[in-house]
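S.K.: Sequence:
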Amino acid sequence: MADSEPVDEELIASYLRGDMGAFDRLYRRHDRKTFAFIRQMLHPTDRATVEDLHQEGWLAVAAKAASFSPAKARFSTWLYTVLRNRVLDHLRARPPQADDEADPDLLASADHGPEQQLVSKRLVQAVESGLLRLSVEQREAFLLFTVVELSLAEIADVTQAHQETAKTRLRYAREALRHRLSEWRDG
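Everything in the sequence shown is counted per UniProt numbering, starting at 1 for the first residue and increasing by one.
Each statement offered as a hint is correct.
Below, a list of computed lysine to aspartate or glutamate pairs in the DMTMM-like style, where the Cα atoms sit at most 25 Å apart: (1) Lys33 with Asp19; (2) Lys72 with Glu10; (3) Lys33 with Asp46; (4) Lys33 with Glu149; (5) Lys167 with Asp89; (6) Lys33 with Asp89; (7) Lys64 with Asp31; (8) Lys167 with Asp157; (9) Lys72 with Glu9; (10) Lys72 with Glu137; (11) Lys33 with Asp157; (12) Lys33 with Asp52; (13) Lys72 with Glu56; (14) Lys167 with Glu137; (15) Lys64 with Glu149; (16) Lys64 with Asp89; (17) Lys64 with Asp52; (18) Lys64 with Asp157; (19) Lys33 with Glu128.
It should be emphasised that the hints constitute simulated quantities derived from the structure, not laboratory data.
Based on the sequences and whatever the hints tell you, model everything.
M.R.: Rendered as structure tokens:
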């Protein structure tokens, strides 16, 4: 981020003073990572559901903006707490859907030849399958750390767990994924 760019906390304060453009800048700054977080937490599910929940999450962020306190947490920590709560509410409200299929086409790059695309799709399927086998708590710790790039302390804040618990969940997630993806690493 350039030095002249306001930090998230300044943007949310501007939004609360009526600057809608500040909220738009926050959204654009965090849009890709928040979408990826929600998609991976809900995977496998259809893209429309992810888009709906992503939009609902950002509407909740706008509605709850006054509850943000920079003295308590960074904006990103607060943001992912709001989004996480939306995702968990959604997961609690729907029955388990074990027969859903992964859509690796969304993640595999079309810049490679057919063989590389096939290998990429299979790797994406293996990663997604590995993520699905993790508990929700381990999956969210892994995604918050790797996709969102939160620290362990921030993950603990978002998940309302002790930092050691967050660290343990992340360690177990990494170990499980490392084990499940060993053929890709070794082969």
